[in-house]
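The chain contents come next:
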Amino acid sequence: MSIIQAPMREPTYFILAALLDGPLHGYAVIKHVEELAAGRVRLAAGTLYAALDRLAAEGLIQVVSEEIVNGRARRYYGLTDQGQAAVQAEAARMAAAAVVVIRRSARTVGTSIVVRPA
Amino acid sequence: MSGVLERRYRRLLRAYPSAYRDEHGEEILATLLELADAGQRWPSPAEALALFLGALRTWSRVNRQRPTRSVWLGGLRLAVLFLLAQATAQAGANTGLLLSWVGVDRSLSAVVVVGFGLATLLAAGGLLAVAGGRHALALVLTIGALIAEQTAALADLGGTSSLFRLGEIYFWPLPLAVAFALPLVRSRPSVSRPWPWLLTVPAALFLLPTQFDATLRSSQPWAFGAVLLACLLWTAIDARVPIGAAGLALAFATFLLDSLLTMTAPSLFWYWLIGTLTLAVGLLGAGALRGVRQPERKNS
Chain A
759 MSIIQAPMRE
769 PTYFILAALL
779 DGPLHGYAVI
789 KHVEELAAGR
799 VRLAAGTLYA
809 ALDRLAAEGL
819 IQVVSEEIVN
829 GRARRYYGLT
839 DQGQAAVQAE
849 AARMAAAAVV
859 VIRRSARTVG
869 TSIVVRPA
Chain B
15 MSGVLERRYR
25 RLLRAYPSAY
35 RDEHGEEILA
45 TLLELADAGQ
55 RWPSPAEALA
65 LFLGALRTWS
75 RVNRQRPTRS
85 VWLGGLRLAV
95 LFLLAQATAQ
105 AGANTGLLLS
115 WVGVDRSLSA
125 VVVVGFGLAT
135 LLAAGGLLAV
145 AGGRHALALV
155 LTIGALIAEQ
165 TAALADLGGT
175 SSLFRLGEIY
185 FWPLPLAVAF
195 ALPLVRSRPS
205 VSRPWPWLLT
215 VPAALFLLPT
225 QFDATLRSSQ
235 PWAFGAVLLA
245 CLLWTAIDAR
255 VPIGAAGLAL
265 AFATFLLDSL
275 LTMTAPSLFW
285 YWLIGTLTLA
295 VGLLGAGALR
305 GVRQPERKNS
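Those protein sequences? They're chains A and B, same order as listed. Numbering of the first sequence is given in our numbering, commencing with residue 759 and proceeding in unit increments. Numbering of the second sequence is given in our numbering, commencing with residue 15 and proceeding in unit increments.
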């Protein structure tokens with residue numbers, strides 16, 4: 759199995775996370791990312807397509823279908839198995855990193871926090 | 015209303031390579047129009063900037079996975095191209111000046127004029143050969159240009175011409191181009207359209223340090239410094255560019271060091287030398303870091 763060595767950049771993470779629910783076209787990816795990141799990440803179209811090209815080249819996503827809407831091509835992008843594994847691995851890495859801080863903070867204030875799995 | 019916006023976005027999309035536009039242009043345009051507000055007539059600055067950067071990335075093909083070795087070879091190839099552009103500009107400017115003295119300066123030898131003229135043609139041929147991926151031919155032409163230029167310079171030593179009194183700035187680009195071209199001969203050639211590279215020659219005349227008065231006196235080394243800084247910024251797009259620019263910086267630094275060690279050069283040259291070497295190290299470091307920081311994959 760292939761994995762990404764470096765930590766994932768935030769837009770990449772949210773693009774892959776948006777595709778966990780199923781294949782989406784460009785506009786839907788941007789809107790879904792904005793929603794998932796609570797408005798914190800707003801992708802420009804140029805940024806999105808550069809990222810989609812890169813992720814497709816890395817084998818993390820693929821074009822799953824194509825249709826013509828109003829005379830223009832609309833491609834739907836979906837996660838590959840590799841992409842799904844990569845985004846899950848990144849989520850686990852971030853969760854483990856978060857737990858380190860949360861546990862210490864809880865000890866400091868003398869309270870306990872239960873981290874529930876998503 | 016949306017027709018105006020669409021036309022303006024189409025204009026911005028022209029920044030992308032045509033093959034990419036054929037494949038993705040309509041798809042990106044559809045997304046841009048879907049994102050637009052009702053009544054919007056102008057592309058938003060954020061979208062315009064992202065399209066511009068996306069186009070730059072596509073042109074430089076950084077999205078393609080490139081092994082570190084290939085980044086360094088690509089950087090060397092760019093260094094050879096830059097140095098040959100500089101050498102062609104330098105030899106061409108010298109030839110022009112010498113031609114204007116024919117009939118006026120009786121001590122001017124025909125060998126000097128022909129030598130610099132031949133060096134100009136051979137260096138330009140080398141530039142086109144490197145751009146076209148014919149590295150062995152480029153090496154031969156560059157060595158030929160070096161021999162022609164040195165023959166002309168040696169023939170001029172007995173003359174009264176004052177053309178060469180400003181040190182040896184014209185000397186360094188060609189030997190360095192030969193040295194950098196050697197590893198390219200056995201590598202798989204990168205090929206680009208050769209003719210547009212000729213446009214770098216007039217640009218080099220004004221932006222790079224040459225013996226031509228217009229560039230050496232007033233605007234240098236600031237124009238050259240600006241070029242190197244621009245190449246440093248270009249690291250974000252393509253790691254090969256700063257490595258190529260480091261070759262130019264090395265040629266200028268060698269000239270400064272040579273001037274300081276062999277003749278009474280102005281003390282200002284020490285500051286230029288330190289600045290140029292610092293930039294050269296910065297360019298190489300940035301290129302090396304960017305070269306290995308491009309996403310890599312491993313199998314496990």
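Just so you know, these hints were derived from the structure itself, not from any lab. Beta carbons are placed, not taken as given, at the ideal position from N, Cα and C, and that holds for glycine. Careful, some of the hints might be misleading.
Unchecked claim - The calculated lysine to aspartate or glutamate pairs, modelled on DMTMM-like cross-linking and capped at a C-alpha distance of 20 Å, are:
1. A:Lys789 with B:Asp36
2. A:Lys789 with B:Glu61
3. A:Lys789 with B:Asp119
Unchecked claim - Covered stretches of chain A (chain B as the covering partner; in silico rule of three or more C-beta atoms under 8 Å from a C-beta of chain B):
4. 782 to 795
5. 806 to 815
6. 830 to 838
Going down the list of hints, with the structure as the test:
1. A:Lys789 with B:Asp36: Distance ~25 Å between Lys789 (chain A) and Asp36 (chain B) Cα, so the pair is violated.
2. A:Lys789 with B:Glu61: holds (15 Å)
3. A:Lys789 with B:Asp119: Judged against 20 Å, a Cα distance of about 74 Å means the pair is violated.
4. 782 to 795: Per the Cβ count (4), the hint holds.
5. 806 to 815: With 6 residues close enough to chain B, the hint holds.
6. 830 to 838: holds (count 4)
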